[in-house]
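> This is what each chain is made of:
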Amino acid sequence: MAVRGVYSKIEKKILADWNKEADTRVGWCKPRNDMPVFMVSDPEVTAEALTRAASENDPWNPFWNLKSYASATRWGSLIGHPFFIERFSPMTSMVQTKPGLFLTFYYIGYDYEYYQPIRPGDTIRAWAYRPTLEDSTDLSGKGLRKFRYVDGHADFINQRDEIIASYKLYCEVQMHEGAPPVEPYMEEYGYKVKELEHLAGLYDNEKIQGDKIRYWDDVKVGNDIDPVTTGPTTFTGYGMLGGPPTPPGQIPRRIMPRYEEQWTIPNNYFKDRNTGLIYRTHGARHFNDRAAQFEGGSRAWHFNTVPRLPMLRAVTNWMGDDAFISKYGWRHTWRTPIGDALIINGKIEKKYVEDSDHLVDIKCWCLDLRGTITDVSRSTVKLLTKADKYPNVKKVIKR
Amino acid sequence: MAKFKDGDKVKVNAAPVNWPACTEFTLLSATGTVETWVDWPEVMDPYSEYIYVKMDKGTKSYGGVHLIFHEHTLKKI
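In order, the protein sequences belong to chains C and V. Okay, so the first sequence: first residue is 1 according to this note's numbering, each after it adds one. Okay, so the second sequence: first residue is 400 according to this note's numbering, each after it adds one.
Worth flagging that the hints you see were computed from the coordinates, not collected in a lab. Hints may be right or wrong, so weigh each one.
As the list claims (entries may be wrong) - Using C-beta positions, here's what the derived DEER-type ranges look like:
#, chain 1, residue 1, chain 2, residue 2, range
1, V, LYS459, C, ALA72, 27 to 35 Å
2, C, THR275, V, ASP405, 32 to 40 Å
3, C, ASP155, V, SER428, 43 to 51 Å
4, C, MET186, V, LYS474, 22 to 30 Å
5, V, LEU427, C, ARG273, 30 to 38 Å
6, V, SER428, C, ARG273, 34 to 42 Å
What the hints assert, rightly or not - As a list, the in silico DSS-like pairs of lysine-lysine whose alpha-carbon atoms are at most 30 Å apart:
#, chain 1, residue 1, chain 2, residue 2
7, C, LYS192, V, LYS453
8, C, LYS212, C, LYS67
9, V, LYS402, C, LYS351
10, C, LYS192, V, LYS459
11, V, LYS456, C, LYS192
12, C, LYS347, V, LYS410
13, V, LYS459, C, LYS194
Claimed, not checked - Here's a subset of chain C near chain V, in silico, CB distances under 10 Å, partners left out:
#, residue
14, THR24
15, ARG370
16, ILE373
Heads up, the beta-carbon is just placed ideally off N, CA and C, and yes, glycines get one too.
Modelling step: build the complete structure from the supplied sequences, incorporating the hints.
Here's what the structure looks like:
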């Protein structure tokens, strides 16, 4: 049992090491080395870079993927999909534990805010704020050691020194004295034909608003947006392929990672606590049931992109080409087993004017056919009004 | 003000909003205990309508599992 603000010798060492490392993470972000080379963007944005990223984030909407289509919209060119900026985001780094304390964490979610679109020809750089680690151990003194960890916080800046977007990434870190408790095992979800038919129907009927302008004037609070679905998922399906990347440094090396005793989530290996035998794994919690159980999960669960991408897609499908995502917040509240299907629903929550922007807030939630909600999000979308004709376009006479 | 607090015993009173007709909602009348998923008001308050519940041991298929429900689909018991 842990007391907030009072630390054991091991904990003091963990915190001292973390503080030292956190100091090195402030400032201009260097290119990431924890992603494959193809996922790290050149700071000079090209149409090809935008379409390549779009093909991973939303390959179905021509607005993000086709230069000719996007050029014939109010933007006059391709603009970056909202998740394009992730290519410039700072490296994350989990708190490093020490033997004696088993570290687990919840990947809570992100908050993004967008101030202007990214276009071909832009040059993007990112400024990383110092990560923060705040002790949130229950004040009763009867709980686990817990920390609120902001593992990523950055501003994205263009060649005109304008901040174009910002983001924060949240985790909760828990320290266990010994092995963590394991969530009860859930059987694989088995489908009925009518369920598969329903999901297939959702796929068939997914609608993209496209070039039909969604006017703010016509939006009604309380209305639903069209649902989208993903799944039944597989270990190699959409989203899961965005899973644990192979760092560039690992590709050409002829090495076998050495086993070390595990005091956090397994990566290369995990040990069966009953037999003492060791098993090789890659991607662990997302690709291997027993590796997931080693750190307390019920069974292998979805990588964050599995719900996060379609949850944003439900909103971008709805809003149309002339709208702009101003904010996107997402919380990854459940460890959804691989094989489950998610149905994303959304509702218009609020409609308002702020700094002359006509905005709507949309809440979305992912339904799992087991009966639970797995992920939730909130988006703010800027829409055109019927009075906005050719917004931001000026007549310039130079004859 | 939050409708539920940590430790409240609750019963599932309705299916989640927009529950699909293709699937029987098997958790109706299941019971459990409200827990805080993550104690971080600045980050979680905007999502406080979603309630994290540890299902009672007798819940079919999900005894002892944590599930999430819309606030208004739960009833305090």
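> Determine for every hint whether it applies to the structure shown.
Here is what the structure says about each hint:
For the hinted restraint 27 to 35 Å between V:LYS459 and C:ALA72, the CB-CB distance of approximately 54 Å leaves it violated. As the Cβ distance of C:THR275 to V:ASP405 is approximately 37 Å, the hint placing it in 32 to 40 Å holds. For C:ASP155 and V:SER428, the Cβ-Cβ distance of about 49 Å falls inside the hinted range of 43 to 51 Å, so the restraint holds. Taken as a hint, the range 22 to 30 Å holds for the pair C:MET186 and V:LYS474, whose Cβ atoms sit roughly 25 Å apart.
Against the hinted window of 30 to 38 Å, the Cβ-Cβ separation of V:LEU427 and C:ARG273 comes to about 37 Å, which satisfies the hint. The hinted window of 34 to 42 Å between V:SER428 and C:ARG273 holds, with their beta carbons roughly 36 Å apart. A threshold of 30 Å between alpha carbons decides the hint, and for C:LYS192 with V:LYS453 the separation of about 27 Å falls inside it, so the pair holds. Distance restraint check for C:LYS212 and C:LYS67: the Cα-Cα separation of roughly 18 Å lies within the 30 Å cut-off, and the hinted pair is therefore satisfied.
Taken as a hint, the V:LYS402 and C:LYS351 pair is honoured in the structure, with Cα atoms around 25 Å apart against an allowance of 30 Å. Restraint check: the Cα-Cα separation between C:LYS192 and V:LYS459 comes to about 18 Å, which is no more than 30 Å; the hinted pair holds. Taken as a hint, the V:LYS456 and C:LYS192 pair is honoured in the structure, with Cα atoms around 26 Å apart against an allowance of 30 Å. Only pairs whose Cα atoms come within 30 Å are accepted, and C:LYS347 paired with V:LYS410 is accepted, the gap being roughly 25 Å.
Distance hint between V:LYS459 and C:LYS194 is fulfilled; the C-alpha atoms sit about 22 Å from each other, no more than 30 Å. For C:THR24, the interface hint is violated, the least distance from its beta-carbon to any beta-carbon of chain V being 25 Å, above 10 Å. With a least beta-carbon distance of about 7 Å to chain V, the hint placing C:ARG370 at the interface is held under the 10 Å criterion. The closest approach between the C-beta of C:ILE373 and any C-beta of chain V is roughly 4 Å, which is under the 10 Å cut-off, so the hint is satisfied.
Checked against the numbered hints listed earlier, the structure breaks hints 1, 14; every other hint is satisfied.
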